[in-house]
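Could you use the hints to bring the two separately framed chains together as a complex?
Residues per chain, in single letters:
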Amino acid sequence: MKPLIELNNISYKYKNKKILKDINLKINEGEKIALIGKSGAGKTTLISILNGIKKQTNGDVKIYSKSFNNLDNSQKSKIATIWQDLRLIDDLSAEQNVNCGLLCNQNLIFTLKNLLNISTFHKAHKCMDLCQLQSSIYSKDLKNISGGQKQRIAISRSIIQEPEILFADEPFNNLDPKLCNYLKNLFISGLNNYKIKFPNTILFSMHKIDLIDGFTRVIGLKNGEIYFDIHKDDLRESYLENIY
Amino acid sequence: MRKFKLNHTLVSFLPIIVFLPITYQIINDFHIGGLELFIDFIKSAFTPKINKEIINISITRLNETLFISFISWIISIIFGSVLGILSSDIFYKFIRIPLFIKYFLRYFLNIIRSIHELVWCLILMQIFGINISIGILAICIPFIAINAKVIREQLELISEEIIESITSLNGDNFSSLLTLIWSPIVKIIKIFGLYRFECSIRSTVILGLFGIGGIGTSIFLSFQALNFNEMWTYIFSLSFLTLFSKQILKRLKVKRINSNIILAIIFISILITFSCLYFLINLLINNYYLSNLLLSKTIFLNVFNFPNDFLKSIFNTIILAIFASGIAISVPPFLLLISQNKYYIITLRVLAFIIRLIPPTIIILILLMFNTPSLSLAAITLGFYNAGITFKLLNDNLSEIDKNNYSAFKSIGIPNRSSWLIGIFIKESRSYLSYCAYRFDIIIRETAIVSIVGSIGLGWQLKESLSSFAWNEVFIIICSYSSIAIIGELINDKIKSNIV
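Protein chains in written order, with my numbering: chain A, 22 to 265; chain B, 13 to 512.
Extracted from the complex, chain B is given alone in its bound form (with noise of 0.2 angstroms):
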C-alpha cells in the first residue's frame, strides 16, 4: 500500500481545522446588539478627530510610549547579552567559577520568560502602584530572560575548532573569551537586538491599555468612552511611530558600523541602563504598600485552598493557545493561496498591517460587540493578532524567494494555485513552520492578554485573584503559567528540531 506522506507544505495547511468548533461557538453566540456601535468604529476610522489638543496628547504619548520602550529594550539588551553570557557553556571554559551558577541561571531565566510581561505588570501594579516605571520593569523582566536565551543559543553555535584554536594561543582567559564572543554578540544585537525594539513597542502599548500610561492608556480610554474617532487618532498617530522605528532599524541593519561607535554605544547604554535603574528602584521604593508587602507573606499560605474550577481555567488555557496557534499558522498560507493578485495581496498586506497595529484587547472588546464571551472568540483574537504577524514573515519570505520553479509551472498552463503551492510555497514551507513553533511559545504567554478581557483561562483567574489579594491563588496561577509555557517549549524544541 502507498505511504501517506504529510509534508511541510500540506502540515501549513492542516491547523484549519480549529476553525470547526470555532466556527461553531462563534455562530451560536452571534448577537447584533453592538451593530450600530461596530458601523461607528469603522466610520470613525475614516473620519479620526484631528484638533490641536489631540496631536498634543498624540505626541505626550507617543513620547512616553517611546521611552518606555526605548528604556526598557536598552535595559533588556544589556542585562540579556550579560545573561547570555552567563549562562552560556563557553564562558565556563574558560572563567573558572561553580558550574551550578550556570544551571541556576538557566532554570531562573526560563522560569521569568514563561511568564508574559502583563502578568508581570499587574502583579507589580498591584504591590506598588501605577506608574511608568513598573511598565519597565514588567517588560524588562521576560525580555532579559528572551535574550539572554537567543544570546545564548548564539553563543553555542561557536565551533569547537575555533574554541581550540583560540586557546592554543594561550592568552589571557578573559581576552580569549571576548574574542570569541564579540562577534556573535554584535551580529545577533544587529539582527535580534533591533527587531526586540519593535517587540518593545508592541508591549508599551499593550500594558498601557491596563493603565501604565502611553499612547494604549489613551487608545484604552478613548474605547472606553466610545469616542472612536479620537482613539483612531491615537492608532493612526501609533501607526506612524511603528512605521517610523522600522524605517530606522532597517537602516541601521544594513549599515556597516564601525566597532569604535559600537563601543561607545555599549557604554552609553550601561549609563543609561544603570540612570535609569537608579531612579526605577527610587520610584518603587516611594510609591511600595506596606499592606501589600504584609499582604505577600500570605504567598506560601493556603496554596492548595485554589478555586474549583482552577484546573478547568489550566485547560482553556492550554485550549486556547492551540486554536490561536491554529490560526496563526493555517491563516496566512490560505489567504495567500486563494490568489496571487497582486492588489488582493495588497490589500491582504494593508489588513495584516491594521491587525497587528490594534491591540488584541481591543480586537476582542470590538469582538464582543457580536459575540459574548469564550474560548473561540478568545482564540479569534489571538489567532488573528498572531496571523498578522506571521503573514508579514511569511509574505516577505515568498516575495524574496527565487520564482524559477513558479514560472516553469506557469508556463506550461497549470493553474495559478497549484503553480504557487509547488512553485513558491513549498520551498518556504519548512522554515515558515519552524517559525510557527517559536510562535506558539509567544502564543501561549500571550494567552494571558485576551484571557484577561476575555473571561477565559487563567488570566481572567489571575485578574480575580489580584483584585482580591489572593496572593495564594496569584502564586498558583503564575506557577501554571510558567508550567504551561515551559512544557510547550519543550514540546517545540523537540518539533523544531525534526523540521529542520
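Pulled out of the complex, with its shape left as it was, chain A reads as follows (with noise of 0.2 angstroms):
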C-alpha cells in the first residue's frame, strides 16, 4: 500500500541552525499519531514543512504521491490544521470564523456573504456545538472571548472542513483536562450525532502525555531528529525521559 504522506531526508535550516535533521517519515491511511518532544525539538517545524506553510531545505515531502505544490484546491482542502496560534480573525464572530473552514470548496460570493453575516451558519454550529461550545458565543466577537473558547473555535473551524487529513499543534491548549479528554476521544474515534466526517489520518503534536492513549503511533522528537517512531503499546517510561 502507497503511503498516504512521505518524507524522505526532510532537513530545515533557520539562520544556519538546522532545526530539522534528515527526517524519514510515512504515514499511512487511518493512522492516529502522536508527536512528542520537548519545546525547540521541531515540532512546529515539521508540521509546518507537512501542511506546505514551510520549504524544507533538503529532501521531499509527497502527499497524496505529490508535492505539496502540486496539490491542486481540492486536494488542499482535505488536509485541515489547527494552529498553535490558532489563526483566528479577530474582526469576526466565532461563528463566522468558524465558516472560514468550508472557503475552500466555495468561491469569492460565498466569502462575501460571511463577511456580510448572511451565509449559512447550521453546520458550524453543529461544530461548535460538538467542541461544547455554547449557543451564547455563536455571534461574538472574538474580542469577547475566552482563550479556551478561542482553541474550540479553531478546533471547529478545522471540523467543519471535514479532512481526511488534519495536523494539530499542541490542539489542547487553553482547554481543561476533561474537555482535552473528550477532544481528543472524539478526533480518534469520529463519532458523532451529527454525522460530521472526522479525519481518518491525524498527527498531533502534544505535550501532554497522558493525552496519547488511543493514537495508534508515538513519534518522539529530540534535537530535530526522530527520536523514535514506535507503535503506542511499545511505548517506555525510558524512551519519554530521554526526550524531555
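These are computed hints drawn from the structure, not numbers from a lab. Some hints here could point you the wrong way.
When the alpha-carbon atoms are kept at most 30 angstroms apart in a straight line, the in silico DSS-like pairs for lysine-lysine are as follows [as the list claims (entries may be wrong)]:
| id | chain 1 | residue 1 | chain 2 | residue 2 |
| --- | --- | --- | --- | --- |
| 1 | A | LYS42 | A | LYS243 |
| 2 | A | LYS144 | B | LYS415 |
| 3 | B | LYS415 | A | LYS38 |
To spell it out: a stretch of chain A is covered by chain B in this simulated footprint if at least three of its residues, at any positions, have a beta carbon under 8 angstroms from a beta carbon of chain B; those stretches are [as the list claims (entries may be wrong)]:
| id | segment |
| --- | --- |
| 4 | 54–68 |
| 5 | 90–96 |
The beta-carbon is built from N, C-alpha and C at its ideal position, and this holds for glycine as well.
Take a look at the structure:
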C-alpha cells in the first residue's frame, strides 16, 4: 500500500541552525499519530513542512503522491491544520471564523456572504456544539471570548472542513483536562450525532503525555531528529525520559 | 433574523458604486476626437526629447521647484510648530496668557487650512502678480495650519500623569513646558514633517501649472504647445526629483540624530525662514498693485449679489468630493483583490507612481481628449490621482503585514482572492479606512484643482470671478469652500472616531 504522506531526508535550516535533520517518515491512511518532544525539538516546523507553509531545505515531501505545491485546491481542502497560534480573525464573530473552514470549497461570493454575516451557519453551529461551545457565543466577537473558547473555535474550524488528514499543533492548549480528553476521543473515534465526517488520518503534536492513549503510533522528536517512531503499545517510560 | 454586518473590509469596497453614475455619464459624453493626439501623447512617453537645451531647462526648473518647495516647507514647519504649541492646551497650563488666544488661533487656523494652496495662489496672483514668492506664500498658508493642527494633536496626547510629574518638580514654567513638548515635537517632525516635504513638491508642481514657475510651468507650457516629447522629459525629471528626495527622507527617518544637531538644524531653519520672509515681504511690496487694493475694498460690498447657479456649484463641489473619494477608497483594494500575481502588483505600483506623478490638471486635460467637461470627468481625475496615493499606502502596509493567516488559508486550498480578503486585507482594512477618512479632507480641498480646469463646481466659479475682479463673489466662494471643508472635517472626525 502506498503511504498517504511520505517524507524523505527532510532537513530544515533557519539562520544556519538546523531545526530538522534528515527526517524520514511514512504515514499511512487511518493512522493516529502523536508527535511528542520538548519545546524547540522541531514539532511545529515539521507540521509547517507537512502542510506546505514552510519549504524544506533538503529532501522531499509527498502527500497523495504529489509534492504540496502540485496539489490542487480540492486536494488541499482535504488537509486541515489546527495551529498553535490559532490563526483566527479578530474582526469576525465566532461562527464566521468557523465558517472560514468551508471557504476551500466555495467561491468569492460565499466569502463575501460570510463577511456580511448572511451565510448559513447550520454546519458551523453543529461543529461548535460538538466542541461544547455554548450557543450564546456563536455570534460573539472574538474580542469578548476566552482563550479556551478560542481554542475550540479553531478546532471547530478544522472539523467543519471535514478533512481526510488533520495536522494539529498543541490543539488542546488552554483547555481543562476533561475537555482535552473529550475532544481527543472525538478525533480518535470520529463518532458524533451530526454525522460530521472526522479525519481518518491525524498527526497531533502534544506536550501532555497523558493524552496519548488511543493513538496508534507515537513519534518522539529530539533536537530535530526522530528519536523513536513506535507503536503506542511499545512506548516505555525510558523513551519519554530521554526526550524530555 | 440574522443581523446584517457591514465590517471595515466590505466598507472599503462599497464606495465602488460611485462608478455607476460616473460610467453612465462618461459613456454618454464619449468621443474619439482626440484619439490621434492621445496616441501621440502615449508614444511620446517612450521618446522623450533629450538635448542639451532641454536638460538645461529641466535643471533650472527643478532648481526652482526645489527652492519653492524647500523654503515653503521650512517656513511651514517652523511656523506650524510655533502655532501648534500656541494653540495646544498644554501651553496654557504653564504659560499664563488669556485663553481666548488659543480659541482664536484654532478657528483662524481651521479656516486658512480649509482652503487649498491653489486657491490662495490664484487670489494672491491676482493681487500681487506672478512671481515665485507668491508660490511660497500660497503653499505656506495652508501648510502652516496643517502642521499646526498635527503638532497640537500630538501635544494633546501627553498624559496628565506626565504633566503632573513634571509640575511636581516646581521648575521654571517655560523649562517644564519645553521638557514636556520637546520629544513629541521632534518625533512628529521626523515622521510627519519629513513627509510634508513630498507634499510641498507636489503642491509646487500644481501651482507651477498655473504659472508660478518651476517644472510644473514647463510641463504645462509644453503640454499646451502639444509638445509631448518635451513634456515627458520634464515629467521624468520630476520623477527623478521625487525619487531622490524620497530616498533622502527615508534615510533621515531611520537615522538617529543627535540632539545638538537637531538644535543646529532648528536654528539654521529659523534663520532661513526669517531671511526668506524678509525677501518675500520685499518682493510682495514691490509687486503690489494699488488698483487691486482699491478693488479689494469691494469685498464686503454686494456680498449677496452672487450668480444664480452658485448653489449648484456648491452642490457640484460636494458631489465631486464624494465621487472622487469613492474612487480613491475603493479602487486600490479592488485592484489588489483581482490578483496577487507578483508581476501584476509591480505593474499596479508603476501605474500608481505615474498617476501620482502627472499633475491632476494634466490628467483632466488628457481625459478631455475623449470627453466633454463634466462632474464625472473631474471626479475620475481627482479620484484616480488620489487612488495612486491610497494605493501606495495600502500596498506598503499590506507588504508589512503578518501573513500567517493568509498562508494558513492557502494551505487548506482556499482560493487566492478569498485568502487575500480574509487573511491579509481584513487586518489592514480598519487603518486603511481611517487613512481614507483623512484623505477625504484633502480631496475636498483638492476639488479646487480639477474644478478650475474641468469647468465644474466652485473652482470654475472662482476663476471666473477672479478674472473679472468680482471680489465680492471671490469672498463668498472662499467662505463656501471653507465651510464645506470644515463641515467635511467635522463629519470625518466622527467617522474616524467610530472606526478606531
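We went through each hint and held it up to the structure:
Of the pairs offered as hints, the one joining LYS42 of chain A and LYS243 of chain A holds, with about 10 angstroms between alpha carbons and a cut-off of 30 angstroms not exceeded. Among the hinted pairs, LYS144 of chain A with LYS415 of chain B is consistent with the structure: their alpha-carbon atoms are about 28 angstroms apart, no more than 30 angstroms. For the hint pairing LYS415 of chain B with LYS38 of chain A, the CA-to-CA distance comes to about 23 angstroms; that is within 30 angstroms, so the pair holds. Look at the segment 54–68 of chain A against chain B: 0 of its residues bring a Cβ nearer than 8 angstroms to a Cβ of that chain, fewer than three, so the hint is violated.
Coverage of a stretch by a chain is defined here by at least three residues with a beta carbon nearer than 8 angstroms to that chain's beta carbons; for the segment 90–96 of chain A and chain B the count is 5, and the condition holds.
Violated hint: 4 only; the structure is consistent with all others.
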